[in-house]
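Engineer: Below, each chain spelled out in residue letters.
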Amino acid sequence: MTETMRCPRCGAEMNHQANKLVEPVTREEAEARGTLGGILLAVFACPHCGYVASRRDEHHDT
Amino acid sequence: MSEHAANVVVSQLAHRADVETRLIDVAALPIRTDDAGESAKDPEFAETMNRADALVLVAPEYNRGYPGLLKHVLDTNLHEYIHKAVGVVGVSSGIFGGARVIENLLPVLRELGFVTIFWDVNFNNVRTRFDAEGALVDDSFLSVDKFLDELIWMAQTLRYGRENVVVGGTP
Numbered sequence: 017m018t019e020t021m022r023c024p025r026c027g028a029e030m031n032h033q034a035n036k037l038v039e040p041v042t043r044e045e046a047e048a049r050g051t052l053g054g055i056l057l058a059v060f061a062c063p064h065c066g067y068v069a070s071r072r073d074e075h076h077d078t
Numbered sequence: 002m003s004e005h006a007a008n009v010v011v012s013q014l015a016h017r018a019d020v021e022t023r024l025i026d027v028a029a030l031p032i033r034t035d036d037a038g039e040s041a042k043d044p045e046f047a048e049t050m051n052r053a054d055a056l057v058l059v060a061p062e063y064n065r066g067y068p069g070l071l072k073h074v075l076d077t078n079l080h081e082y083i084h085k086a087v088g089v090v091g092v093s094s095g096i097f098g099g100a101r102v103i104e105n106l107l108p109v110l111r112e113l114g115f116v117t118i119f120w121d122v123n124f125n126n127v128r129t130r131f132d133a134e135g136a137l138v139d140d141s142f143l144s145v146d147k148f149l150d151e152l153i154w155m156a157q158t159l160r161y162g163r164e165n166v167v168v169g170g171t172p
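Those protein sequence lines, which keep their order, are chains A and B. Quick note on our numbering: the first sequence kicks off at 17 and runs consecutively. Quick note on our numbering: the second sequence kicks off at 2 and runs consecutively.
Be aware that one or more of the hints could be misleading.
Claimed, not checked - Stretch-level coverage of chain B by chain A, calculated; a stretch enters the list once three of its residues show a Cβ under 8 Å from a Cβ in chain A:
1) 71-83
2) 151-163
What the hints assert, rightly or not - Below, in silico cross-link-like pairs of lysine to aspartate or glutamate (DMTMM-like), each with a Cα-Cα straight-line distance of 20 Å or less:
3) B:K72 - A:E39
4) B:K72 - B:D121
5) B:K42 - A:E39
6) B:K72 - B:E112
7) B:K72 - B:D43
8) B:K72 - B:D36
Simulated from the structure, these hints should not be mistaken for lab results. Note that the structure is predicted; figures quoted are calculated from it, not measured. C-beta atoms are modelled at their ideal positions from N, C-alpha and C, and glycine is treated no differently.
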C-alpha cells in the first residue's frame with residue numbers, strides 16, 4: 017500500500033520510496049506490533065528538493 | 002592515519018564534476034553518549050545526512066572491528082540513510098587494509114538502509130603510506146578512482162529512484 021506525504025520543507029508531494037521494519041520505541045508500539053514483529057517506517061523523498069522524511073506506519077501488518 | 006586516508010578521498014572527490022563533499026570527523030560531533038539511537042540525534046548532522054546522496058566511511062580497524070564511536074554516530078539517524086549509497090574505506094597498519102572492518106560494517110549499513118557498493122578502498126600498511134605531513138607517498142593497490150566511479154553511479158541512480166520510483170508499484 018502506498019501512502020502520501022507533503023514535503024515539510026517545500027510542500028511538494030513526496031514519493032513513497034521505502035518501507036523499513038524497525039523496532040518499537042514505545043510501549044504502545046510494542047503492544048501494537050503485528051506479525052512482522054516490528055513497526056513499519058514509511059520513508060518518503062521529495063522530487064522537488066530531495067528532502068527525506070518518514071512516518072511510523074500504523075498499518076504494521078501490511 | 003585515518004584522517005590522512007580521508008583527505009586522499011576528499012582530494013579525489015574535488016576533481017569530480019557536480020560533486021559537493023563534506024568531511025565529517027565523528028569525534029568532533031556534539032553527540033551525547035549517555036543515550037543511543039535516534040534519541041541522541043544531532044540536528045546538524047541529521048540535516049547533513051538528509052542532504053547527502055552518498056556516504057564514504059573511512060574506518061580504522063582495531064581488533065578486527067569498527068570503532069564504537071562510529072557505530073554510535075551512525076545509529077543516531079535512520080530515514081536519512083535509506084536508499085542512499087555508501088562505500089567503505091578500510092585503514093589498518095597490517096597487510097589486509099581494514100578488510101575485516103569493512104566486512105563487519107556491511108550488515109550494520111544494510112540494516113540502516115544504505116545500499117553498499119562492491120568496491121572498497123584498502124589502506125594497508127598505513128604507517129608507511131604517508132609522510133610526516135600526511136602526504137601520500139605510496140599509492141600501490143589503491144583503487145580510489147574505481148571506488149568513486151561506482152559510488153557516484155549508485156548515488157545518482159538511487160537519487161532518481163528515491164524521487165521517482167514508488168515502493169510497491171505505481172502510486
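Engineer: Each hint should be assessed against the structure and marked as holding or not.
Structural biologist: These are the hints, each one checked on the structure:
Coverage of the stretch 71-83 of chain B by chain A holds [criterion: at least 3 residues with CB-CB distance below 8 Å; count 4]. Restraint check on the stretch 151-163 of chain B versus chain A: 3 residues with Cβ-Cβ distances below 8 Å, three needed, restraint holds. With a CA separation close to 17 Å, the supplied pair B:K72 and A:E39 stays within the 20 Å bound. For a cut-off of 20 Å, the pair hint linking B:K72 to B:D121 stands: about 19 Å separates their Cα positions.
Proximity of B:K42 to A:E39 is assessed by CA-CA distance (about 17 Å); at most 20 Å being required, the pair is judged to hold. For the proposed pair B:K72 and B:E112, the alpha carbon gap of about 12 Å is at most 20 Å, so the pair holds. For a cut-off of 20 Å, the pair hint linking B:K72 to B:D43 stands: about 15 Å separates their Cα positions. Between the alpha carbons of B:K72 and B:D36 the distance comes to roughly 13 Å, so the proposed pair stays at or under 20 Å and holds.
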